[in-house]
Every structure is written in structure tokens, then in C-alpha cells.
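Just need the whole structure built from these sequences, with the hints factored in.
Those protein sequences? They're chains P, E and V, same order as listed.
Everything in the first sequence is counted per this note's numbering, starting at 1 for the first residue and increasing by one.
Everything in the second sequence is counted per this note's numbering, starting at 1001 for the first residue and increasing by one.
Everything in the third sequence is counted per this note's numbering, starting at 2001 for the first residue and increasing by one.
Worth flagging that the hints you see were computed from the coordinates, not collected in a lab.
Note that the structure is a prediction, hence the values are computed from the model and not measured.
You may find that some hints are simply not true.
Some but not every residue of chain P turned toward chain E, in silico, with C-beta under 7 Å [claimed, not checked]:
1. MET6
2. THR8
3. TYR9
4. ARG33
Counterexamples of contact, computed for chain V against chain E with all Cβ distances above 10 Å [stated by the list, open to error]:
5. GLY2039
6. GLN2050
7. ARG2054
8. ILE2166
9. GLN2302
10. LEU2324
11. ILE2332
12. GLY2398
Using N, Cα and C, we set each Cβ at its ideal position, and we do this for glycine too.
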Amino acid sequence: MAKFIMITYYLLTAFIATLFFWNFWQEKKKIDRQILYLLVLIPLLLRLLRIK
Amino acid sequence: MRTKIILLICLVFILIWPAIQLYQHRHFQIPIVAGPGVTRVTKLSHYLPALKGTMADTWIFWLEGQESGGKALILGNSHANEPEGMLAALVVIENGLVERGTLLVIPQFNHSASRATRPGDGYPLYFNIDTKWGKKKFRMGNREASPLDQWPDPDVYLHYPDKQLLSFLDARNVNRTWPGRPKGLLMEQVTYAAMELIRQEKVDLVIDIHGAETMFPVTNCIVAPEKSAKLATMVSLTVKATEKFDNHVEPSPPKFRGLSHREIGDYSDAMPFLLEAPIPFLDQPTGPKTEKFLLDGKDPFLLRLSRKNKLFVPYDETGWPIDKRVGQHLSVTLEILRQYSRRTPERSIIIHNVPRYAEVVEKGVGYYFQDPSQVRRDRIYLN
Amino acid sequence: MIAKIAVVLISMVVAYLVGQWRRFSVELSLFLAAFLGAGCGAIFSTPPWQEILRHLVEGSFTYLDVILVFSTATIFMAVLRESGGIDYVVQATMNSLGKIRPLALFILMVIVLIPGALTGAGSVSLLVVGAPVAAALHHLGLSRPRIAAILFILAGLSAAAPPVNIWAMILCAGTAIPYVGFELPLGLPVIFLGTLTIFSLGWRPEKIAEAKENWEKMDIPKGMSWWRIALPFMVLFGLILAYRLWPFNLPVLGLPLQFFLGSITAWLTSPKKLNFFLISRETMVRILPLVSTMVVIGMLQQVMTATGVRGLISYAVISIPLVLLFISLAVIIPISEGVLTYGAAAILGIPLIWYLDSLGYHATVAISGLSLLWPLGDGLPPTALIGRLSVMVSNYEGSYWSFLRKTWFPWIIITLAGILMVIFSAKLSFLVRWSTG
Chain P
1 MAKFIMITYY
11 LLTAFIATLF
21 FWNFWQEKKK
31 IDRQILYLLV
41 LIPLLLRLLR
51 IK
Chain E
1001 MRTKIILLIC
1011 LVFILIWPAI
1021 QLYQHRHFQI
1031 PIVAGPGVTR
1041 VTKLSHYLPA
1051 LKGTMADTWI
1061 FWLEGQESGG
1071 KALILGNSHA
1081 NEPEGMLAAL
1091 VVIENGLVER
1101 GTLLVIPQFN
1111 HSASRATRPG
1121 DGYPLYFNID
1131 TKWGKKKFRM
1141 GNREASPLDQ
1151 WPDPDVYLHY
1161 PDKQLLSFLD
1171 ARNVNRTWPG
1181 RPKGLLMEQV
1191 TYAAMELIRQ
1201 EKVDLVIDIH
1211 GAETMFPVTN
1221 CIVAPEKSAK
1231 LATMVSLTVK
1241 ATEKFDNHVE
1251 PSPPKFRGLS
1261 HREIGDYSDA
1271 MPFLLEAPIP
1281 FLDQPTGPKT
1291 EKFLLDGKDP
1301 FLLRLSRKNK
1311 LFVPYDETGW
1321 PIDKRVGQHL
1331 SVTLEILRQY
1341 SRRTPERSII
1351 IHNVPRYAEV
1361 VEKGVGYYFQ
1371 DPSQVRRDRI
1381 YLN
Chain V
2001 MIAKIAVVLI
2011 SMVVAYLVGQ
2021 WRRFSVELSL
2031 FLAAFLGAGC
2041 GAIFSTPPWQ
2051 EILRHLVEGS
2061 FTYLDVILVF
2071 STATIFMAVL
2081 RESGGIDYVV
2091 QATMNSLGKI
2101 RPLALFILMV
2111 IVLIPGALTG
2121 AGSVSLLVVG
2131 APVAAALHHL
2141 GLSRPRIAAI
2151 LFILAGLSAA
2161 APPVNIWAMI
2171 LCAGTAIPYV
2181 GFELPLGLPV
2191 IFLGTLTIFS
2201 LGWRPEKIAE
2211 AKENWEKMDI
2221 PKGMSWWRIA
2231 LPFMVLFGLI
2241 LAYRLWPFNL
2251 PVLGLPLQFF
2261 LGSITAWLTS
2271 PKKLNFFLIS
2281 RETMVRILPL
2291 VSTMVVIGML
2301 QQVMTATGVR
2311 GLISYAVISI
2321 PLVLLFISLA
2331 VIIPISEGVL
2341 TYGAAAILGI
2351 PLIWYLDSLG
2361 YHATVAISGL
2371 SLLWPLGDGL
2381 PPTALIGRLS
2391 VMVSNYEGSY
2401 WSFLRKTWFP
2411 WIIITLAGIL
2421 MVIFSAKLSF
2431 LVRWSTG
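Following this line, the structure appears as C-alpha cells:
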């Protein structure tokens, strides 16, 4: 069960990372917001890759 | 569009080097040499098969004497950011010769934590110990297990079986999950497996080796519950008289659950002891958290605070070097075994060839580590 | 060494100010401070150049779980809002309670206190019940900045309230003090100060006309009913409470998953057809400043430790003479929270508690006292996490400082209460004894 919940967390992280990435891609004007989206993606991506 | 692609390239550039560094840290192997006294090496999962194949599984080194006697268990790296425990355990594994009884040593008790780094605290990834043959490299770990091995945390951790509320972080702290449960969180499984080891092997003494801040009142001491208090007091008085270092006794608070010095005594026949040596590196008001500071324990802020009587241990320009910390732990451990053997001769544990405080301070802890490249391959265990 | 660390600290402050001067966002200015601080530290050898990026990346993980809670909790609230559920609850509650103002205010206070008390996060209180309570307070005739002020103080108190107080838990974990006996030392002041806050700020109605107009505008979708609203909350609180009641029989789900399951339930029970993905995406746009602040603050914290700046600050606080220390707690504790959020409890709180403990102050009561002060800092920049959330959920669009100024009265009373609890902690230790029976 613990393993199943952990997998769910990876899916949840992937879902949230997708949302942030999508918003980054849709952000037309503000470059500072684009940078912030990418900063938020740092921990999400490395967790998904099981590096940290 | 072009800006976005440039930004994405920047992200990859920022991520790639740290990602490699962090990946290498998690997978870096420390070669542990099984010394001449090691008779067999098993895994903790032997006592709870659920741990098999997980990062929480860890080596147990057995040092068995010719004559039967008592049994003692030494735990290092319950908190993997307090490396003196692991180093003391390795000195025993590489050098100890047991004449009577059995010594079990787990150098990386929270194995997952030893492969994790501590976000927000700026630790170095590794530290190196000088030896006769060069530098021996170790991973610097974290207090809690890696979330890669146990995730998510609860919003609050409820200790088993008392339901005491503890911080959510403590769900990954093996010194809060004793006595554990077989189907609980991974760290509860680790402590449960250790409890099974203690119960099944009829272990008499458990020595859990830690480090504590100089500003923490419970430092430079032996923490002992009621059943171990007398022996701890004798040990404290003896090392003070014969080896000239302080190591007072602190009672284990009965209402603070989950700690080894409380639960092991309550849930088995063993007598637990938790050893603390001062580790300035863990204090908050210090300079940068460098490898040098971790090893020599010298800090200008702590020195000033010491002059204002704000530390709980004596502190001067010499700092609190790792050799002193490991030396203290080894002397106290040997003294616990000696005092116990004197009191209960039928369950005595007699060990030789493990250095005491003065020797470690003089020669340095690295002096007692063997060169893995000069040792038979089957005597090396990667941990 | 101390002079070098001071130079690094100055470089960080200058980098932040330059960022603000160049009109960068708070988050980017903080990132600039972390980056340049690490670079300046590297000039003095620590951290080594090759470790700078590793420290920044590792630091970004400090509050990863908080980020997941923020994200999923906001999605939960957004789905409920879009389904029309919040308007429905406010209308129904105010229809039955609106005429007895003191009772309505008191119940609204309790509603805000509960989620934060259960989870230890004031943000959860705001994200879960902030919007409906704000709407209810508006209906009671309160202006937007005053509503934001009430929500900010109450959310802070809810985080301090027992059974879960994260500052106290971090301090207990760091000082090896058992997390027991906090029920009365935390519970009594929270109830007292919460009541004082809601009555002092909410007693007099201000803008009834606008409120009535908004009230009439509320559009409740057809088919909306109590069970459609109650079910998502039942799933959320049911899961939280179930773990408390049967912790050894149930798996650990964690707050992010609990909120996510709540959101799915809200989506399924909505009388309107909702696009879950679109709502979630828009939610992430709204919470980007908050979430990126958490990421950047983690980086900043890591760099501050790696360069020794954190130690310098901690040392400076510990070195203050005792009487002056007690007075300066009013400033130091909130500001440290404003800069470092939970990190402040570890950096300043742990040595402070050891120091006070060694002087004979009662650690549990002193921790409780400090726990009342820390939430105030969540309204201060650069992070201002709870302050910004309060403004967000109450739909206040004016100046941030005019909202913060409205909190002056409860702010002063809470500060006094917190400091007096620390000073008289030994005399108040009976509260701990009564709590533990």
C-alpha cells in the first residue's frame, strides 16, 4: 500500500509539474514569470527523476 | 518562443551538474573492511524480510568470540549527519577481536539517511579522513531518511504504540520510530527489525552512538533509562577518573517516546545506552558548514559564546575534533562492556584491539582504517 | 572569518535591493540575493564554485512538500468555488446566523481556526475556508482590508493552535523536548486572542450597501445542495481525522493527496460541469508567487548556511543581553519568519530555547509564547506568505500596507501575550501540568 501511495505522489508531482510547464509555455509577455515557473520546476523535476 | 527555448536551455544547464552531483552522492559506496575479528556479515532484512531490496536494508557485522557469553549491539549513523557514531563503529569492525561473547555492529543504521542530503542546511556532500595510505572518503548524510525511500510524510507523526504526537519529520527519523512495527512506515520497519534482532539474539546491551550540539544540554553524556542508569554512572565515573574526560549521565525521560534509550529498554530485556559527543557542526550559530569545520569542530562564533558561558561543554581554540569525539565514544563503549562483564560474568563480552580515547586522539581515527585496495575482496562490504 | 561573512550578508542585501530597484518581483530579487550571496561566498572559499549550483538546487527542495500542499489545497478550493458551493454556504450560513452578529463572528472564527489547528498550516485555513468566511464577513458589512486583516491574524493563530503547531514541533524535534503538554499553553491564548481579534476588528459594520449589492449578485447554480458541499469536506477532514484516530490501521496519505482526493470529490459532486484541468491550470497561475517564494527561500536558506550568514544572524540574536532580548523578540521573531518562514524556528528558536532553558525558563511555555509571535511574521515581506494569501482570498486589491496597518491592535496584544508567556514561563508551567493531567 505504501508503495502504491508513493507512486500516486509521483503522479501528483507530474501533474503539478505539467501545469507549471504548460503555464510557462502559455506565458506570453512577462519574462520574470517565465523564470519563476522554471524555478518551481527544479525540485519537481528532480523528484520525478528520483535524483533528490 | 525564442526566449522560452533559451530559458529552457538555461534550466537544463542549471540542473545537469547538480543532478549528477546529487545522484553520485546517493549511489556512492563506502568500502567497509571486515577486520580479522568479523566472523560473519548479515543483513538487517534477515529479521524483517520486507526490508529486502530497499535502501533501508543495511549490513550487520558479527564479531564472535571463541567462548560464549553475552551479546552487545552497536549502532552508528542512527542520525547520518552525526558521523562520529559510524566512524567509531567502523574502528570496532576493522580492528576488534572478541575473545568472549558476541559483538554486533551496524555502522549505517539509517542507511537511507546516509544516502540523503539535507536541504536548507548547506552541508558538504562528503568528508575525508586522513589515513596512513591516503584519504578515506565518506558520504555526509542527513538526520532523516530520504523521501525517495519513504514518501509522503504524515501531517503529524503519531508514534507507535503510544500515539504521542511528533513532528512530521520524525516519521523518517529512526530515533523516534522505536520500537517500530512490521507493517508500518519504512523507518518503523527498520526499528522493528532491530528490535527483533535484539529479542531473537538475546542481546544484553545496545549502544546507540550519536553527536549533539554544544548548545544542547543533553550533550557529552550517556543517556540511560532506569535499568541502565547504575551501569552508566559507573562508566561515567571511571572514564572521568582514568581517562580524564567528562561524560555525565542523563536520565531517559519516560514521557518522550520513540527514542532508542527509552523503547529498547521497555520492549526487550536489553539495557540501552545512547552516547552523545559534542559536534559543533550541528550548532545553529556557527560559521559556514564546511568539511573542515565538521572534522575539527573549530568555530569563532562558538568560541565567543563559550566565553559568555552559553555552551554546555568546555570549548576553546582547539575546537572539538573528530578524533576526540570518536575516541570518547570508543572509550565509553569499551567501558560499558567492561563494567557489564564484571557485574555479570556469565554474560561477559571481552574485546581486544579497539583503541581508547588517548590513542585515537594521538594517532587520529584514520590510523585505524585499513586500505581497501590491500584487502581480499571478499572482506570488503560496500555500504 | 566574521568580517567575511558580514561582507556576504551585505552582498545579499544589496543584491535584493538592486532587484527591487530594477523592479524585479520579490521572488526574483530573493533569487538574485541567493545567487550573488553564493558567488560572494565562493570568493572567500565557501561554498566552493563547483558547489554553488548544487546548493541552489538542493535548497529548492527545502519546502517541496509545502509546495505540494499549497498547490493541491488551492485546487480544492478553486473547484469548490467554481461549482458555486462557496456562495451557497455563505448565503445559507448568513441567512440563519447573520442576525446575531456576535454569534456569527464567533462561529466564523472557529471555522477559520479548525483547519489550521488540525494541519499546523495557516495557509490551509485560508485556502479551505478563507474565501467563504471572507464572503460572510463582507456580508456582515466589513471592508476588504479589514477582512484580510481578520483572516491573516486568525490564520496565524490557527497555525499556532493545538494539536498541530509546526513551529513548536520543529523546536521540540530540534531541542529533544517531547511535543506534549501544549494543549493549554497554546489553546487558551489562541481562543482568547482569536476572540479579541474578531470582535475588535469585526464588531462595527462599515460598508453595508456594497455588501448587500454583492449579496444579491450571488448566483447559486441549480441543483446545489448541502450534501454536494459537505461531501468534499467530509472526504478531506474524514481522511485527516481517520489517521489521527486509527494511525496504525490506515496508510499515511499525506496532506497533498488528501486535498487532491477532496478536489476530485468536489469535482464529481459539482452540479455544473467543470473542466478540472483548466481550473487547476488557472490555480497554478494564481499561486505562482507563493510557490516560487517557497522555492527561492529554500535556496536562500541553504546559501545563508553554506556561507555562514545564517550562523552570524543566529549568533547576533543569542548574544543580545537578556532584558533586551525579551524586548527585541517583538521584532526579531516576526522578521525572521518573514525572511525564512519555518527555517526561522530552527535557526533562532533552537538556540534560544536551549539558552532560556538553561536559565530556568520553562521550555514548553516559552515555545508556546514564541509560537504566537512567529505567525505575525507571515505577514511581513519578503515572503509574507499568509499575508498575501489573506489578501488573495478576501479579494482585496488595494495597497498591501493599508491591509497590514489594520492588524495593529491584535498584533500588539499578541506580541505582548507571546513575550509575557516567555518571561513568565516558569510561573505558567501549571498549564503544561494541567494539559498532561
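Verification of the supplied hints:
no.	hint	verdict
1	MET6	5 Å, holds
2	THR8	9 Å, violated
3	TYR9	6 Å, holds
4	ARG33	11 Å, violated
5	GLY2039	14 Å, holds
6	GLN2050	8 Å, violated
7	ARG2054	4 Å, violated
8	ILE2166	8 Å, violated
9	GLN2302	5 Å, violated
10	LEU2324	14 Å, holds
11	ILE2332	14 Å, holds
12	GLY2398	33 Å, holds
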